[in-house]
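> Using the sequences provided together with the hints, build the complete structure.
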Amino acid sequence: MYAAWTVKHKPKTLAEVVGNIDSIEKLVEWIKSWSKGIPKKRAVFIHGPPGVGKTAAVEVIAHDLGMELVEKNASDYRTAEAVERFAGLASQYGTLFGGRRLILLDELDGITGTADKGGVATITEIVKKAQCPIVLIANDIYDPRFATLRTHCLLIELKKPTVPQVVKRLKEVCKREGIETDEETLKFVAERSGRDVRSAINDLQALAQGKKKLAYSDVSWLAERDRKEVIFSVLRTIFYSKDTLEAKRAIDSADVDPDMLFQWIYENAPHQLNDPHDLAEAMDSLSLADVYRGRLQRSQDWSLLRYFLDFMTAGVAMARERSKPSGWVPYKFPERIRLLSMSRGEREMKAQIGMKMRKKCHVSSVTAVKEILPYVRIIFENNKARAEGLAKWLDLDEDMIEYLAGKKKARTVAEES
Amino acid sequence: MSYEMWAEKYRPQSLGEMVNQKEIVERLKSFVQAHNIPHCIFAGPPGTGKTTAALCLAHDFYGEGWREHLMELNASDERGINVVRETVKTFARIKSIGEIPFKIMILDEADNMTGDAQQALRRTMERFTETCRFILIANYSGKIIEPIQSRCAPFRFTYLKREDQDAYLRRIIQKEYVKVSDEGLNAIFEVCGGDLRRAVNTLQAAASLGKPIDSETVYSVIGRANPIDVRNMITLAMKGDFITAREKLREMILKYGVAGSDIIKQIHIEIFRSGLPEKWKVKLADAIGEIDFRLVQGSDDEVQLSALLARLVEAGSEIQEGG
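Chain order of the listed sequences is F and L.
First residue of the first sequence: -10, per the working numbering; consecutive thereafter.
First residue of the second sequence: 19, per the working numbering; consecutive thereafter.
The hints are simulated quantities; they were obtained by calculation from the structure and are not laboratory data.
One or more hints might be untrue.
Each computed SDA-like pair below joins lysine to any residue, with the alpha-carbon atoms no more than 25 Å apart [said to hold, decoys possible]: (1) Lys273(L) <-> Glu370(F); (2) Lys348(F) <-> Gly83(L); (3) Lys107(L) <-> Pro56(L); (4) Lys117(F) <-> Thr137(F); (5) Lys359(F) <-> Asp213(L).
So, in structure tokens, the structure goes:
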């Protein structure tokens, strides 16, 4: 078994923690200040997005300062009693061997209202009378549950590192694993992780483990997969959500072009909704979305965009009433987009012929394509002599003649099935 | 070998050759006699002689060399405001040489002009009335802005009557040595409904097959030229097969370039022709009308018509349940 690189290459020194130098400095200062007596705030509340090194920083500092780290995280019970039993006692006494102790309560976001009843309130009480430094960690410190707790803590935010900082760390890992690679490749991995160091190292392991060399072509395909997965998860929400806000947010959470997403929803709705009434309602919503899109395009009033989005997301979500979950139906790529590009060649050819016809026939090129070209084509297919005469009269070139005679389909036209 | 589109070859050159729109033709002849033409709007369905009437009027009005005094623009191809500001204005302001002091500008498919362009045109028409008279041609005069309409003499063209169309076709049949049975002529009128351009094109395409033309030939030509198999699409939807029905729709729009408005017109006709319960025809007419309206407002014909197909699927399942 290979060890997870995120564990194997966990920072051992502060220098290896990526970025956030000032915040870490502040944390170290606060812990050190305990040696001069109990500070005003007896706990530090570290917050920031996943994978920025919150836990890693605390672990390294405890190690560097020779402190005993007592840690609890989301996997432990955190009811009032459990917290009291663990942290309450630990925070009151020094270590048996006279060393100093650091208490870490990690992943506080994971405290749930029911299963961990009273947990946050108890933590607040413990913080107020703590006899040793307590470090709390959460992603979202502005969650209302932490409102009181927050006021008793020194707040330290760890921010996402920059891409070059992540790349630097990935380089170190590659060096230790003996993998040859280049800046561009690592930059792609770093960016794709959303500057989440843990996730970037995980990706790196998945891509590079067992290889001597990691090239850009080994990683670039991920982009395509990501886009698809993002769309799939958005579609899942839109076709199954019972909540209008959730359906609307699905599109915000994913960075997808609204028009493209519309095509995906429009293509897949009939495959996802098997009840005729539900389908009719969903298609009606898409029709209304398109009405707003039309108004938007004509008026260029972009404030109308939100109604387009409402109908294509929430409108479609609310259409599901009687449809049974259809098991796992794979999402289909919008067929229309493929067809549009395939028939482009044919449409261009027709338009050119229309241009030839318009002056001679006293119509617009559009009308010529619609009203005259179909008949001309029948003549070309059936009567060579008359076709030649018409070709001369209309001044058609070889390509046009062959196209009309059906000998040559316009380059990219799909064969009729 | 000289060969051209019969619709052009046999297009009337002078007002006297026109076989239909008698009242209109009489009034136009009176303009010729009076040596004066007001600004005009020719409105009406396709293939009813609007462009022909305008060209004939110019021909009869100026006589020999009439093309010197005429400019023909198609607004569908040149619809922007710049065309009005440049091409139209340049033509309109320059005085005509000869006894008649004004020229004629034919603006075909004028209902496709943008609003801006129409506004600009309104000024031009006013300022250069002395040197230029305008004939605007449109399917619907309603799409021409009110101020322009009020400056023009309106003429409403209607579909040709059966005997007018037949008379016209018979002349071509005779000159081109084509054999057409009476059923063949019936069929042409049935499918073209008084649209003379379509009728002549159908005749010419059918003649190219090189055998006597009967109703079957006509239907096969029309079927090839107008692949709007709306009936089949409706049947699929009513049976509950939305996905195949949508594929048919997609094919019409993408492959054959059929306009959404033409398809919905056909759906409307087919629903009332169908064997559906009478009260459902009325219910569906409402759904069709709503989508027809949204076609104008929206941006994507296929999406709008698919919404209608989904309504047909829904109706089909409710009818089956005895609703």
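> Now tell me if each hint is right for this structure.
Status of each hint after checking the structure:
| no. | hint | in the structure |
| --- | --- | --- |
| 1 | Lys273(L) <-> Glu370(F) | holds (18 Å) |
| 2 | Lys348(F) <-> Gly83(L) | holds (18 Å) |
| 3 | Lys107(L) <-> Pro56(L) | holds (18 Å) |
| 4 | Lys117(F) <-> Thr137(F) | holds (11 Å) |
| 5 | Lys359(F) <-> Asp213(L) | holds (14 Å) |
When held up to the earlier numbered hints, the structure conflicts with none and fits them all.
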